[in-house]
Amino acid sequence: MSSGDIYFNDVELGDEIGPLTRTVSSDQVTGFVAVRDPDPPPSRFTSDKAARSEGLPSAIVPGAMNIAMMSQIVTGWSPTVSIKKIDVVFRQMVPHNEPLTLSGIVTDKDETGVSTSLECDIVMENREGVKLVIGHAEFTLPSRPQ
Amino acid sequence: MTSDEGIVYDRSLLGVEHPIGSFKVSRDMITGFARSTGETKSIYLGDTDNLDDLVAPPTICNIFVNGVSRPDIKLKFGDMNFFAGQSIECKKDVRPGDTLNASTHLDNVYAKTGRSGKMIFAVWQTTFKNQNGDTVALVNESFVRRNRAK
Amino acid sequence: MFLDLHTHSVASDDSRATVEQYIRWSSVLQNKGYRIDGFVLTEHRQFDHGLDYTDLSSESGLLILKGAELDTDCGHFLVYGVTKPLTDSIDFSDVNIDATKLVELCDDLGAIAIPAHPGRAGIGFAEYVSTRRAGFKTIGVVEGLNGSNRPGEGEKAALLIQQRGYLSTGGSDAHIVSAIGTCMTLFKDKITTEAELVLALRAGNYNPVMLESSKD
Chain A
65 MSSGDIYFND
75 VELGDEIGPL
85 TRTVSSDQVT
95 GFVAVRDPDP
105 PPSRFTSDKA
115 ARSEGLPSAI
125 VPGAMNIAMM
135 SQIVTGWSPT
145 VSIKKIDVVF
155 RQMVPHNEPL
165 TLSGIVTDKD
175 ETGVSTSLEC
185 DIVMENREGV
195 KLVIGHAEFT
205 LPSRPQ
Chain B
566 MTSDEGIVYD
576 RSLLGVEHPI
586 GSFKVSRDMI
596 TGFARSTGET
606 KSIYLGDTDN
616 LDDLVAPPTI
626 CNIFVNGVSR
636 PDIKLKFGDM
646 NFFAGQSIEC
656 KKDVRPGDTL
666 NASTHLDNVY
676 AKTGRSGKMI
686 FAVWQTTFKN
696 QNGDTVALVN
706 ESFVRRNRAK
Chain C
167 MFLDLHTHSV
177 ASDDSRATVE
187 QYIRWSSVLQ
197 NKGYRIDGFV
207 LTEHRQFDHG
217 LDYTDLSSES
227 GLLILKGAEL
237 DTDCGHFLVY
247 GVTKPLTDSI
257 DFSDVNIDAT
267 KLVELCDDLG
277 AIAIPAHPGR
287 AGIGFAEYVS
297 TRRAGFKTIG
307 VVEGLNGSNR
317 PGEGEKAALL
327 IQQRGYLSTG
337 GSDAHIVSAI
347 GTCMTLFKDK
357 ITTEAELVLA
367 LRAGNYNPVM
377 LESSKD
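Residue numbers (the working numbering), protein chains in the order written: chain A, 65 to 210; chain B, 566 to 715; chain C, 167 to 382.
Don't take every hint at face value.
[Unchecked claim] FRET-style restraints, in silico, Cβ to Cβ: (1) B:R592 / A:P104: 31 to 41 Å; (2) A:R116 / B:L703: 28 to 38 Å; (3) B:E582 / C:G216: 25 to 35 Å; (4) B:G571 / C:Q329: 28 to 38 Å; (5) A:K113 / B:L579: 29 to 39 Å; (6) C:T297 / B:G571: 18 to 28 Å; (7) C:T358 / A:G119: 45 to 55 Å; (8) B:T700 / A:R116: 38 to 48 Å; (9) A:P163 / B:R680: 18 to 28 Å; (10) A:D74 / C:R299: 32 to 42 Å; (11) B:M645 / C:T266: 23 to 33 Å; (12) C:G306 / A:G177: 45 to 55 Å; (13) A:V178 / B:T700: 17 to 27 Å.
[Claimed, not checked] No farther apart than 20 Å at their CA atoms in a straight line, the calculated lysine to aspartate or glutamate pairs in the EDC-like style are these: (14) C:K267 / C:D239; (15) B:K683 / A:E118; (16) C:K198 / A:D74; (17) A:K195 / C:E321.
Bear in mind the hints are in silico, worked out from the structure with no lab data behind them. This one's a predicted model, so the numbers in the text were calculated from it and none came from an experiment. Every residue gets a Cβ at the ideal spot worked out from N, C-alpha and C, and that includes glycine.
Generate coordinates for the entire structure from the input sequences, incorporating the hints supplied.
Take a look at the structure:
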């Protein structure tokens, strides 16, 4: 493991995770949708016109892509992270090509010695600081080697 | 939760398990999913010399599940559907060559109000098992139906 | 005392925080020099008379009370001092409760109903207050500070408060652990029960505050 690795013993409640900054381009969304369906029809995710026909102002980032990015807040924190559960609420639609800030904060830690489990809040905000996606993750970190 | 009295939908679906399908997990699928979501962790990208050193990102099951694979609950409300939330519990790593079998059931339907007015939520629970019968993921998904803004 | 009057635990469908986690986080805040003396669990569209937080309260040193956030035909309302006669009279799970009836019943049964996030689009009292409806004369308090407001919603609430001379409370509207305490209500009087909270809210010796204001 590298010197940047984080261990269970290093973490305290209130420790901040990230932030990551992302801007999801329309091409990226098209690439994501194509993993499932190489030739998808226009949809609210890939076409502004299709999105507007559904009453949306513009094309949006798929929820599945948003939760993937939210999980990266935790898994990207350290190679030692093993994510056990991620749980998110999509509070507002995420538009293409808008700067996003994804961050987390450690909110719980197993102090009993039974496990090396931790929990954190995770949030995706737009440039106005509005929380577009909120959530929670459970993960483990190894104990620092002796 | 709110009582679902007055919400008109096919209540016979509640709790009934429906198979969604069987999905072969390929290396390209894993790396394609990882790259397209901006993943940087090498174990998800397969950026190592060891071909066995590739694991699917924790939310990979989302490739396999979409709206058309669930039964239509025939909800009589609203004209717009959105993904409202999701939880994924990762029980076991998913690797190239795995075959995932998924089944789902409708867990709950309820109403609430928000900035966009009245909304009805439908919550589905989906289980993914691999070729060995091991549960690899437990997924809860919430979909919201509302009326288009006037 | 500093009380967060608007929080949601996992009992609310869209919250991801347990009560125990709120308690632990309150301790984190206190260790950082902030002050939080308690919180009220205002779960969406429900009230569990059987839940008793007395033990958790005494172990943690925090006042943990119960209330509810209800969906009405005039926006969301926070209800404090919920009793069995009240839940017998109103279906808390209804998403279109008659707000006039709710306010009147609360007045009669020793509770209090306060418009939540009054500046919020669609579910904020500010959109409905000008309708000529009986029963709203007794509304004297609204939630002026809400930690989940979007740009413009706080300002709309502030304008309503200024125009109508309402008293104002503060609450985080927390749905995740780390959000608790972001907005609170600073009471001049000590409160130990839900009944005392109702009396204090009617008495008016409090003001809404942001977490930062609680720092020593």
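Are there hints from earlier that the structure breaks, and if so, what are their numbers? Hints 1, 10 are the ones this structure does not satisfy, whereas the remaining hints hold.
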